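**Student:** All chains should be built: construct the whole structure from the sequences, respecting the hints.
Protein chains: 2
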Amino acid sequence: MKNPNIAILGATGAVGREMFKVLMERNFPIGKLKLLASARSAGKVLDGHPVEEATKDSFRDMDIVLGAASNDLAQEMAPYITQAGAVFVDNSSAFRLREDVPLVVPEVNPEDVRKHRGIISNPNCSTIISLVAIYALGAISPIQSIVASTYQAVSGAGVGGIAELEEQVRSYAAGKPLQSEVFPYQIAFNLIPQIGSDTGNGYTSEEMKMQNEGRKILHLPDLKVSCTCVRVPVMRSHSISLCVRTKEKISVAAAREAISQAKGCKLVDDLEAKEYPMPLYTSDQDLVFVGRIREDLVDSNALNLWCAGDQIRKGAATNAVQIAQLLL
Amino acid sequence: MKNPNIAILGATGAVGREMFKVLMERNFPIGKLKLLASARSAGKVLDGHPVEEATKDSFRDMDIVLGAASNDLAQEMAPYITQAGAVFVDNSSAFRLREDVPLVVPEVNPEDVRKHRGIISNPNCSTIISLVAIYALGAISPIQSIVASTYQAVSGAGVGGIAELEEQVRSYAAGKPLQSEVFPYQIAFNLIPQIGSDTGNGYTSEEMKMQNEGRKILHLPDLKVSCTCVRVPVMRSHSISLCVRTKEKISVAAAREAISQAKGCKLVDDLEAKEYPMPLYTSDQDLVFVGRIREDLVDSNALNLWCAGDQIRKGAATNAVQIAQLLL
Chain A
1494 MKNPNIAILG ATGAVGREMF KVLMERNFPI GKLKLLASAR SAGKVLDGHP VEEATKDSFR
1554 DMDIVLGAAS NDLAQEMAPY ITQAGAVFVD NSSAFRLRED VPLVVPEVNP EDVRKHRGII
1614 SNPNCSTIIS LVAIYALGAI SPIQSIVAST YQAVSGAGVG GIAELEEQVR SYAAGKPLQS
1674 EVFPYQIAFN LIPQIGSDTG NGYTSEEMKM QNEGRKILHL PDLKVSCTCV RVPVMRSHSI
1734 SLCVRTKEKI SVAAAREAIS QAKGCKLVDD LEAKEYPMPL YTSDQDLVFV GRIREDLVDS
1794 NALNLWCAGD QIRKGAATNA VQIAQLLL
Chain B
1494 MKNPNIAILG ATGAVGREMF KVLMERNFPI GKLKLLASAR SAGKVLDGHP VEEATKDSFR
1554 DMDIVLGAAS NDLAQEMAPY ITQAGAVFVD NSSAFRLRED VPLVVPEVNP EDVRKHRGII
1614 SNPNCSTIIS LVAIYALGAI SPIQSIVAST YQAVSGAGVG GIAELEEQVR SYAAGKPLQS
1674 EVFPYQIAFN LIPQIGSDTG NGYTSEEMKM QNEGRKILHL PDLKVSCTCV RVPVMRSHSI
1734 SLCVRTKEKI SVAAAREAIS QAKGCKLVDD LEAKEYPMPL YTSDQDLVFV GRIREDLVDS
1794 NALNLWCAGD QIRKGAATNA VQIAQLLL
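Protein chains in written order, with the working numbering: chain A, 1494 to 1821; chain B, 1494 to 1821.
Among the hints, erroneous ones may be present.
Put simply, identical chains are the same to the list, so a pair is met inside one copy or across any two.
Each computed BS3-like pair below joins lysine-lysine, with the alpha-carbon atoms no more than 25 Å apart [said to hold, decoys possible]: (1) LYS1537 <-> LYS1514; (2) LYS1514 <-> LYS1767; (3) LYS1740 <-> LYS1717; (4) LYS1525 <-> LYS1549; (5) LYS1525 <-> LYS1767; (6) LYS1514 <-> LYS1740; (7) LYS1525 <-> LYS1537; (8) LYS1514 <-> LYS1495; (9) LYS1549 <-> LYS1742; (10) LYS1742 <-> LYS1717; (11) LYS1717 <-> LYS1549; (12) LYS1495 <-> LYS1717.
These are calculated hints, taken from the structure and not from any lab test.
Computed from a prediction, not measured in an experiment: that's the story for all the values here.
**Tutor:** Shown next, in the form of structure tokens:
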């Protein structure tokens, strides 16, 4: 595929705008570029490019469609995209667990891209960031289980999430009452320990993604993951506290060495020098920062670590553009 | 001890002021009340009570001294307090692990108060909040290990921490540059995965407290705790994501029942109704809120849960006043 025609579906959202930005930054070889959105957002102009309403006829001459829309719009448009012969690289969760849809983190399982039948899914943001941080450990000894607690930025709820935190902080400073619409509770100066919906086993849909998607991406059907997902008043980088158990013990030195060499990772790990990943300083970047690597005190075959990465970029837009690059 | 004379050492700090407030709220039967602080803070007046400089002669007629000062001041004054025959209920970490000093959470190990020889230590705030949340599980089956990730409020760094987050948010809203003095990095819209100092094993001093103090309070010398402590932009309640392994499996229903009956706890656990502990709504209260209780997916003998509690109150001031009440 040379100079493919590319459409961004959901171009006006936080992820869609970032996909556009990442394509430009990377000088992605594009034939035609089409920005598509739901009827509500059509008519806007992004950097001189008009945004058109996505319809069944939008994809006829497209080669790759980068999806940054809702599950509903992704599901509605997918048949038209694949019938048009385009590849749908979709960031929604609609197709992620479908057997005929590869779920790809390019640093981890790039070879899975080849198996696609028209749709390739982009994983959940916390899952991408966590797996980029630890896949190099799995190359030393198979990962058996993960206990994860997330610290997820408001950008995970889209531009509306960012605007709500901004607005709440401005209201606070002005002594005005704080309004919550995007989040069920005030997020400024607060934490909300629910992302996604109740799945019936006590875990939220977001929490189950780390196990379900992790199994598929790592090709480890027995991987066990216990996850707690928490929304925090941070703008756009997710952080995750991870306890990773491997089949054989991995020393801290070996883990540091492996992660320092791993594609997509930046090792930032010097506690004495106060160097560790922090979400404020990983924003607007593609790398996942990894640090605080240390032996678990409960299980000698486990390591604890802390990672942070930009949710809109590596957690979504950059990962999708990387998948598109693999298609070239 | 009836109507004891009480001194607060470090009366002008966040915890010292709250000790004063909690004594008043509880109509604590006080003979004389003395507010003491370092030379720097002496001369202030709190609610009509003058603050005196703490000297070796300050404790002569005191029965109980509530300590909310630095480790240094606590260590300097302790001999004068005990020589004067007063009991020192100290919130600093200076004496917590000394064999002749009980370390007490009144809901968990009230009987240990009796063993004191002049000093009783108040545990670390995250440790208190975590143990209040889970001690009822230990009564069903012994707790063997804990994996904890904390979300700690800026109040843990004292009034200066609260003022710094306030000021940073106001500067942000005003478009001014943000200043950091109390914390090594900006805390507004950020997370800092270091609390305390490097202990040499990759863990910080704050992280090791949960294991070291937990062992002493629970009388479980083999308890294993892996902890990750993170400062978050929240004002005054700490939250903790806990994975608790017990010797025998405890069902979610049994855990909920036990925690709902546990002194010091409030069960807030209905994911479908969006009811769970949140730090904004646990502030200025003494109870530890516990929710998100669910079976761990990695280890069938473990439960995951989420708790939150006011760091200045139950995490420090209230716990110390409760210890003083046990002395009466």
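**Student:** What are the numbers of the hints that this structure violates, sorted from low to high?
**Tutor:** 2, 5, 6, 9, 11 and 12
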